[in-house]
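> One-letter residues, chain by chain:
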Amino acid sequence: MASKELKNIFLSASIPLPERDAKYYETADVIAIRDAVIALCTTVLPNHRLIWGGHPSITPLVNYVLQKLNMDVQDHVTLYQSRFFERFYPEDNNKFENVILTPTMEDRDNSLRLMRELMLGDKEFAAGIFIGGMDGVEDEYKMFRELHPEALIIPLASTGAAAKFIYENSINRNERFQNDYAFSSTFQELLIDKI
Amino acid sequence: MKYKYQLIVLGNLGSLSNKVIDLFYKKIEELKLERDYFKIINHGNFNTEYSGNQPAFAIYFGDENGSFKDVTITDILVKDGTLILPVYYTENSFNDEIPKILENQNGLLYDSTKDIKIVNLALEAFELLRSSRKVFVSYKRSESSSVAIQLYEALERNNFDVFLDTHSIKPGEPFQEELWHRMTDCDVIVLLNTPKFLESYWCTEEIAEANAKQIGIIQLVWPNHKLEAMAHVCLPIQLKDNNFKNDVFDNENLSKLTETFVNDLVKEVESMRARNLASRQDNLITEFTNFASKHGKKINLQPERFISEELDNGKRRIFIPTVGVPQSVNCNQSEEIIKEIKDYQVDSVHLIYDDLKIRDKWLDHLDWLNGYLKVQTIKKQNFDEWLARN
Chain A
1 MASKELKNIF LSASIPLPER DAKYYETADV IAIRDAVIAL CTTVLPNHRL
51 IWGGHPSITP LVNYVLQKLN MDVQDHVTLY QSRFFERFYP EDNNKFENVI
101 LTPTMEDRDN SLRLMRELML GDKEFAAGIF IGGMDGVEDE YKMFRELHPE
151 ALIIPLASTG AAAKFIYENS INRNERFQND YAFSSTFQEL LIDKI
Chain B
1 MKYKYQLIVL GNLGSLSNKV IDLFYKKIEE LKLERDYFKI INHGNFNTEY
51 SGNQPAFAIY FGDENGSFKD VTITDILVKD GTLILPVYYT ENSFNDEIPK
101 ILENQNGLLY DSTKDIKIVN LALEAFELLR SSRKVFVSYK RSESSSVAIQ
151 LYEALERNNF DVFLDTHSIK PGEPFQEELW HRMTDCDVIV LLNTPKFLES
201 YWCTEEIAEA NAKQIGIIQL VWPNHKLEAM AHVCLPIQLK DNNFKNDVFD
251 NENLSKLTET FVNDLVKEVE SMRARNLASR QDNLITEFTN FASKHGKKIN
301 LQPERFISEE LDNGKRRIFI PTVGVPQSVN CNQSEEIIKE IKDYQVDSVH
351 LIYDDLKIRD KWLDHLDWLN GYLKVQTIKK QNFDEWLARN
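Here the protein sequences line up with chains A and B, keeping their order.
So the first sequence is numbered by the UniProt record's numbering: it starts at 1 and just counts up by one.
So the second sequence is numbered by the UniProt record's numbering: it starts at 1 and just counts up by one.
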C-alpha cells in the first residue's frame, strides 16, 4: 500500500469509581468501556496513531491489543504521562517506544494540566474519542474542543459517565454513539471511513 | 440487579404468549434460577425497560388476519442484532401471518407440541444450561481460603459451574496456559482481592487479557485493602468489616461473609454474566450484521444464532458465530443448520470469530481448517474487507 498519512487520534477514557463523584458512576457501563477501548485500538492502530494520557487501567488494554495485532506499529502509539504519577506507572508503560514524560508541577491538577497542554497542544488531531470517564475526561474534552475545533468528536454515550454528559451537549449526536454496542463497526464507519 | 435477561414478546399476544411465558418460568425454576433475573418485555414497557446492553430473545407471534403489531419495535430489535423467532400457525402461510420485516427469518410453525421448543430456544439464547454458566473464583490461599470455599458453594447452589482457582504458581512464573484454556468460555471471574493477591498473582497482563477476552471481573476488595489503579476495569465491591461474620476478615481459615452479603453477591454475578453475555454477542454477531448492512447485504440473524444471507442467485450463505472454543455449536443451532442446508440452496458456510478472544493454538487450528474444509473461517478483523470483496 502506498504510504498514507498517519493521522492522530486522541483517546480520553477512564473507569468511574464508586467512591468518587456518584454522577459518573451511576450511569457507567464498565463492560461497554472495556469493549469500546479494545475496539478503538483494534480499528485505529493498524492505520493511524493513537495518543492518550495513560490511565493505569486503560494502558494495559492498549498494550494487549498492540501485542495481539502482531504488527510493527510502535510509531502508531504515543503515551503521555505526567511525572507527578511516576510511582503509579503501570509496568506496561515500558512496552511502548513512544512515552512522553511531562514535568511535575506544584500539585496534581497543575501537573495534569501541563501534561494535557503538551499532549494536545503542538500537533494536529483528526478526531477525539471520549469513553466513560470522570471529570478528567470532561476536562480533556473542553481543552480538545478549544484547541481542535475542526476535529471529529466521538462521545460514546453508551459507555455512560462523562462520555454521556459530553454527548448530551455535543454537536455530533449520532444515535449509534448512544445505542450501538458493536463498537468496531461503529468506529470503522463513523471514524476511520470519515477521516 | 443492574442487568437482566430480556424475554420480549411481540405481535399477537394472548393465551399462547402467556402459556409460553409460564412454561419459560417453570423451566427457570427447574434450573434453580430466580425469576428476578429476567424481565418480560412487550409493547407496553418496551420504551422504559428494553436496553441494548443486555441479552434479549424476542418471540414474534404472528397474526392469521395479517394485522401486524409492534413493527417499529421489531425494526429496532433487528438493528440491534436481537434474536427473533417468528411463530406462525398455518402451513405455507408464513408470509400472510408474519410482517415483511421478518420475511427471511426462520419461523416456527406452531402446534401445541412446540411450546417447549420455543422455550428451549430462549434458554439457549441466554445460555442458561449449567455447563455454559462458568464462573471462576480466584484467591490467595494464605489469605482467603474459607471465603473462597463459601462462595464456591453458594454459586454452585445457584446453578453456576464454578472453578476454584487455588493458584499454585509462584511470582514470575508464566500464567498457567491450562488456566486460560479453562477460562476461555467463562463469563465471570470473582477475584478475592486481599492485600497480597494482585502483587503475587494476577498482575496487569492477566487483568488486561481477561478483559480483552471479554470475561467480566468482579473484585471483592478486602477491608484492609484498596483497589489497585491498574485493575479498575471491573466491578469493584469494597468490603467492610461488617460484611464478615463477627467482623473477622483476616483469618484465612475462619473468615466467612454474611449470608446477606453472599446472596447479594450471587445476584451481582448473575447481573455481570447477563451484561457480559450481551457483550460477547454484540462483539461478534452485531458487528458482523452492522458491517454487512454497510455493504448492502441482505442479512438475517436467525433465532438459533446463526446468520444467513440471501444472495441474488437465490442461494443462501451461512455464517456461524463461534464464541470461545470454535467448534461449539449448540444443539438447536446444528439441527437448524442441517435443515437449512437441506431446505435451501446453500452457497457456502463460514465460521466467524474474534481472533482477540481465541488462543493461538486455536487460531492455528482454524487456519488449518481453512485449507481443508468447505467451511471457511473469517476473522472479525477482516469482516469489513471480506464483505466488501465477497
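FYI, nobody ran anything at the bench for these hints, they're computed from the structure.
Keep in mind that a hint or two might mislead.
Claimed, not checked - If you only want the chain B side, here are some residues facing chain A, beta carbon under 7 Å, derived:
| no. | residue |
| --- | --- |
| 1 | G52 |
| 2 | N53 |
| 3 | T204 |
| 4 | A212 |
| 5 | K226 |
| 6 | A229 |
| 7 | H232 |
| 8 | S279 |
| 9 | L356 |
| 10 | K357 |
| 11 | I358 |
Each residue gets a CB set at the ideal place from its N, CA and C atoms; glycine is no exception.
> Would you check whether B:G52 satisfies its interface hint, that is, whether its CB is within less than 7 Å of any CB in chain A?
5 Å, holds
> Checking hints one by one. Is B:S279 an interface residue toward chain A, by the C-beta closer than 7 Å rule?
Constraint on B:S279 satisfied, holds at 5 Å.
> For the hint on B:K357, just tell me whether its beta-carbon gets within less than 7 Å of chain A.
Because about 10 Å separates B:K357 from the closest Cβ in chain A, which is outside the 7 Å limit, the hint is violated.
> If you take the shortest Cβ to Cβ gap from B:I358 to chain A, is it below 7 Å?
This interface hint is violated because 10 Å lies over the 7 Å limit.
> Are B:A212 and chain A close enough, Cβ to Cβ, to be under 7 Å, as the hint says?
At 5 Å from the nearest chain A Cβ, B:A212 passes the 7 Å test, so the hint holds.
> Would you settle whether the hint for B:A229 is holds or violated, based on the nearest Cβ-Cβ distance to chain A being less than 7 Å?
4 Å, holds
> Just to be careful: measuring from the Cβ of B:H232 to every Cβ in chain A, is the smallest value less than 7 Å?
4 Å, holds
> Any CB of chain A closer than 7 Å to the CB of B:K226?
9 Å, violated
> Per the CB criterion, is B:N53 less than 7 Å away from chain A?
6 Å, holds
> Closer than 7 Å between Cβ atoms is the bar; does B:L356 clear it against chain A? Give me holds or violated.
Where the cut-off is 7 Å and the nearest Cβ of chain A is about 6 Å from B:L356, the hint holds.
> Using 7 Å as the Cβ threshold, decide whether B:T204 counts as touching chain A.
5 Å, holds
Of the hints listed earlier, those the structure fails to meet are numbers 5, 10, 11, in rising order.
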